[in-house]
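Asks: Below are the chains, spelled out letter by letter.
Number of protein chains: 4
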Amino acid sequence: MFLPTLIALLHGPDQPGLVARVSGWIFERGGNIVHADQHHDREAGVFFQRVEWEARTGGEGADPAAFRAFATGLGMKVQVTTSASRPRVVVFVSKAEHCFHDLALRWREGEFSGELVAVISNHSDFASVAKGYGLPFHHIPVTAETKAAAEAKQLALLGELGADLVVLARYMQVLSADFLEKLGRPVINIHHSFLPAFAGGRPYHQAHARGVKLIGATAHYATRDLDEGPIIHQDVARVTHRHGVDDLIRKGRDLEKTVLAQAVRWHLEGRVLVYGHKTVVFD
Amino acid sequence: MFLPTLIALLHGPDQPGLVARVSGWIFERGGNIVHADQHHDREAGVFFQRVEWEARTGGEGADPAAFRAFATGLGMKVQVTTSASRPRVVVFVSKAEHCFHDLALRWREGEFSGELVAVISNHSDFASVAKGYGLPFHHIPVTAETKAAAEAKQLALLGELGADLVVLARYMQVLSADFLEKLGRPVINIHHSFLPAFAGGRPYHQAHARGVKLIGATAHYATRDLDEGPIIHQDVARVTHRHGVDDLIRKGRDLEKTVLAQAVRWHLEGRVLVYGHKTVVFD
Amino acid sequence: MFLPTLIALLHGPDQPGLVARVSGWIFERGGNIVHADQHHDREAGVFFQRVEWEARTGGEGADPAAFRAFATGLGMKVQVTTSASRPRVVVFVSKAEHCFHDLALRWREGEFSGELVAVISNHSDFASVAKGYGLPFHHIPVTAETKAAAEAKQLALLGELGADLVVLARYMQVLSADFLEKLGRPVINIHHSFLPAFAGGRPYHQAHARGVKLIGATAHYATRDLDEGPIIHQDVARVTHRHGVDDLIRKGRDLEKTVLAQAVRWHLEGRVLVYGHKTVVFD
Amino acid sequence: MFLPTLIALLHGPDQPGLVARVSGWIFERGGNIVHADQHHDREAGVFFQRVEWEARTGGEGADPAAFRAFATGLGMKVQVTTSASRPRVVVFVSKAEHCFHDLALRWREGEFSGELVAVISNHSDFASVAKGYGLPFHHIPVTAETKAAAEAKQLALLGELGADLVVLARYMQVLSADFLEKLGRPVINIHHSFLPAFAGGRPYHQAHARGVKLIGATAHYATRDLDEGPIIHQDVARVTHRHGVDDLIRKGRDLEKTVLAQAVRWHLEGRVLVYGHKTVVFD
Chain A
379 MFLPTLIALL HGPDQPGLVA RVSGWIFERG GNIVHADQHH DREAGVFFQR VEWEARTGGE
439 GADPAAFRAF ATGLGMKVQV TTSASRPRVV VFVSKAEHCF HDLALRWREG EFSGELVAVI
499 SNHSDFASVA KGYGLPFHHI PVTAETKAAA EAKQLALLGE LGADLVVLAR YMQVLSADFL
559 EKLGRPVINI HHSFLPAFAG GRPYHQAHAR GVKLIGATAH YATRDLDEGP IIHQDVARVT
619 HRHGVDDLIR KGRDLEKTVL AQAVRWHLEG RVLVYGHKTV VFD
Chain B
379 MFLPTLIALL HGPDQPGLVA RVSGWIFERG GNIVHADQHH DREAGVFFQR VEWEARTGGE
439 GADPAAFRAF ATGLGMKVQV TTSASRPRVV VFVSKAEHCF HDLALRWREG EFSGELVAVI
499 SNHSDFASVA KGYGLPFHHI PVTAETKAAA EAKQLALLGE LGADLVVLAR YMQVLSADFL
559 EKLGRPVINI HHSFLPAFAG GRPYHQAHAR GVKLIGATAH YATRDLDEGP IIHQDVARVT
619 HRHGVDDLIR KGRDLEKTVL AQAVRWHLEG RVLVYGHKTV VFD
Chain C
379 MFLPTLIALL HGPDQPGLVA RVSGWIFERG GNIVHADQHH DREAGVFFQR VEWEARTGGE
439 GADPAAFRAF ATGLGMKVQV TTSASRPRVV VFVSKAEHCF HDLALRWREG EFSGELVAVI
499 SNHSDFASVA KGYGLPFHHI PVTAETKAAA EAKQLALLGE LGADLVVLAR YMQVLSADFL
559 EKLGRPVINI HHSFLPAFAG GRPYHQAHAR GVKLIGATAH YATRDLDEGP IIHQDVARVT
619 HRHGVDDLIR KGRDLEKTVL AQAVRWHLEG RVLVYGHKTV VFD
Chain D
379 MFLPTLIALL HGPDQPGLVA RVSGWIFERG GNIVHADQHH DREAGVFFQR VEWEARTGGE
439 GADPAAFRAF ATGLGMKVQV TTSASRPRVV VFVSKAEHCF HDLALRWREG EFSGELVAVI
499 SNHSDFASVA KGYGLPFHHI PVTAETKAAA EAKQLALLGE LGADLVVLAR YMQVLSADFL
559 EKLGRPVINI HHSFLPAFAG GRPYHQAHAR GVKLIGATAH YATRDLDEGP IIHQDVARVT
619 HRHGVDDLIR KGRDLEKTVL AQAVRWHLEG RVLVYGHKTV VFD
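Top line first, the protein sequences correspond to chains A, B, C and D.
Per the working numbering, residue 379 is the first one in the first sequence, and the count goes up by one each step.
Per the working numbering, residue 379 is the first one in the second sequence, and the count goes up by one each step.
Per the working numbering, residue 379 is the first one in the third sequence, and the count goes up by one each step.
Per the working numbering, residue 379 is the first one in the fourth sequence, and the count goes up by one each step.
Mixed in with the good hints, there may be bad ones.
A pair counts as met if it fits within one copy or between any two copies, since identical chains are not told apart.
Stated by the list, open to error - Think about it this way: if two alpha-carbon atoms lie no more than 20 Å apart in a straight line, the pair counts; the simulated SDA-like pairs of lysine to any residue are: (1) K629 to E647; (2) K629 to Q640; (3) K525 to G540; (4) K656 to T618; (5) K560 to L539; (6) K531 to S554; (7) K560 to R486; (8) K455 to S491; (9) K509 to R486; (10) K656 to R580; (11) K509 to L483; (12) K656 to L592; (13) K473 to L483; (14) K656 to G589.
FYI, nobody ran anything at the bench for these hints, they're computed from the structure.
Next up, chain A with everything else stripped away, as it sits in the complex:
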């Protein structure tokens, strides 16, 4: 028999008995919890939970809407996903190809709990590369004058594609606050720097000029405040005086690939809960 798995991410005001109530509700409806992780931010008085269960008997225990209603009744904000549906991912690219290849190869290896369904680019360079992976490629040029129209076209396309997640794989255009709001879906960006250091452009040149001994990369959700979105993952690499700006860029590419892939993997497995401008990552 096929057993759908449900994953819920909850947060809200802390109160005694929340773990018992949630697990009781699931158990009474035939669910078997296979993973559960809680976090209590005691200063803020907030409760966070990720709970994953097998719905062994169908019915309410297999119904995301039923759980959502229950959790909302506890005063919680909640997101529920089910293994019956795999999230659809659209990748935005420009001209740098390392992150795109990395995502496509990992997807093909089965590393992601989701499907890459299309590639959108402001350049036409990747048309054949995308095809090589069996991915539809959409070229939507963007200039200062056409930006609003281009974003409207992107939004329409994302709607048609049924996109659940947008990944900016070194997409070199800033998405407008209006676009993000209308999209209403999460957008993951890779910032080629250890934020908050070196926010802004050419971070490897900045890092080289400052003489830092570590460079980094940061994957975060895109928000209207550029470089201020909730951080999902970060990593660093060691550099020395022997490394020129070119070496920093090469090492940075490796960081960007692995940090972005990890963030996308966690997101697709329902492990990332956004709270204010921070994240709780249930790894």
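Mind docking chains B, C and D on chain A? Use the hints.
Replies: Structure of chains B, C and D alone, referenced to chain A:
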């Protein structure tokens, strides 16, 4: 009002409803869960849990024995500790002082959920150093001939001291299987190598001879099979051809300190569950 | 004007004045040293040097054979390469594709000081993938019975291709000592483990069974003693009880890619000097 | 026979033959180079070198002033130290003791090529701890009103002590530009953050508020521009939502200790060359 906190570590055959039953039991007895973490080893069919709660109303919810009886009834093996009692730690040392100083300083900084209560050594070198930290020092020499008698003396002393944990901070004597069995308390050892590589003596010389590019250290519970005890924590450091054996030893000292301290911290916070010859660390 | 760059790797018995003699020889013949790194193993009494210079005036200073004769006269073993010729690299693969894609993409990004010139495989799976990168693909099946004949075929092909380096990108056949000797060219292998731990097969299963907290990968030169070749590079990743064997394999793939690529990059830049069964890496 | 070792750090305009001239000068004066490392910043056209030699015959080859004159004649800036004299280090502390203990214990283990000769503090807390290590302790209180006078006193004391290096081991007073200039000796500071992120006060609170996934520490030379001095060493540690500010502070202490100790070790071994507001570290 003083709220005692209880921490339980459970494991046993997986079955539906375990999370609900445990959290329900705690909630109904006035407990408020402040942390809970579960792990299901699905291949082995084993359930693991660490649950920490505030006993707000006293009674059964504040009684380790009551919880123990409940969990045993579910077919679980269980350990319960309470914030009302702080574990008593005895440190065994020989002549290398880096791990000992590190533990003593961290203890004084308040990093450990436990008390250092005494130092036992087969040498007399640390008598005044121990005194400097306000720690009673016991010199119990060990030779091949006197080993059995020395271990008997150590056991008697550990009994008097009410030791809950023994930490071997580069203690250069092998404890007999008989000693470990009679002690019946956990013993944490720091192995100056990345196990299973370079088990045995002089690992830094072995590593240098083999030309490895990383050296490591491993903290584990001592068992009758030397170097085979359940691993709690490991870490590595990068080395190059420019590092001689002396440099490896120096870098190794740093690894040994931090790896041992982390293992002791986790153990004292009730985060380490031993299962077969492996550990589940609820960090 | 085109300035060829020469890179020499030297080692031999230490003696006063070696640095002065080598740099003097280069300077007097119009060479400008752009990098130089020395290492003295004082216990063994051995001198190691990597020196890279621009031959500004041609003549002897631009002639690898002239330098070789000079260095040999000093009692040194020496290898000289020149930027006028780029090493030719042949990649051996079987069915795992992550390392192969990683190498091919990095080569295309210009990360390597050499050329990928062909792919040899004991399976036919990668024929079209190789073609996608513009790389000739040679299918040479290997069975226990045909092994000797297959190796003869590989050797002939490598000769025709003018291979300077063979990279085993998760090639699942052991190369015979006879093959290695007849080849007379370096072969870099990626061992999917932190050597010397878990030498042999299925290291991720071994690591999971032992409960280690770190897994690793090792790039080394292939020698007749399997798993005992000189180590070029190693790295590790942290794992926990939450990671099953599949997760270890996935994390292992990432390690294998980056560790192998780094080893190949260093080798192609003339940074790796083999000495006994160890390496000196002038990074 | 005692063989003094000399270490020179040079930098200046690049020109052909520098390596040959320097090594030739040393060889002709009976010196045997035991380590040499060069770096050419080709964009800036600057040559950097660290060279270490045994002066086997005395005379000019053993005379720092002679080498200094020679190198200056080549247009280089140069610093020469000799093993005949061990640098004298004075440690400044306030109330946090982790870095101080760490430095004192490493010094006692023989990890540093220099001598701790005194402790200066704006508080009296460490008087007995310093004594425990056999180190003279000087209490010089500092208030806004007495700052100038206190600095004058510190300068006089450092002069008497013959200090070659000042280490700020979490010293919580800003040293004035005037003080630094009059001192004319290097001052190493540990900044409890990954610079340039979170420059300024309470970096662990800042990091927690921003939700970063890595915290860091930076050792740098103190300059008149606070937090802008040349960086010697940096490291980071991973944090999650489960870590409160207290945990960040605890993890930060470990980073601060190891990063400061590494910077001091490198400085004392003559491995750190300051160039503009960056460093070249010949590790």
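Asks: Taking the hints in turn, state whether each one holds.
Replies: Hints, verified against the model:
1. K629 to E647: between (28 Å within a copy, 16 Å between copies)
2. K629 to Q640: both (17 Å within a copy, 11 Å between copies)
3. K525 to G540: For K525 and G540, neither the intra-copy (22 Å) nor the inter-copy (52 Å) Cα distance is at most 20 Å.
4. K656 to T618: between (32 Å within a copy, 11 Å between copies)
5. K560 to L539: within (15 Å within a copy, 56 Å between copies)
6. K531 to S554: Within one copy, since 14 Å is at most 20 Å while 58 Å is not.
7. K560 to R486: neither (30 Å within a copy, 38 Å between copies)
8. K455 to S491: This pair counts as neither: shortest intra-copy Cα distance 23 Å, inter-copy 34 Å.
9. K509 to R486: both (14 Å within a copy, 18 Å between copies)
10. K656 to R580: Intra 25 Å, inter 19 Å, cutoff 20 Å: inter-copy only.
11. K509 to L483: Both. Shortest intra-copy (13 Å) and inter-copy (17 Å) distances satisfy the 20 Å Cα cut-off.
12. K656 to L592: between (23 Å within a copy, 13 Å between copies)
13. K473 to L483: both (18 Å within a copy, 14 Å between copies)
14. K656 to G589: Only across copies: K656 and G589 sit 5 Å apart there, 29 Å inside one copy, limit 20 Å.
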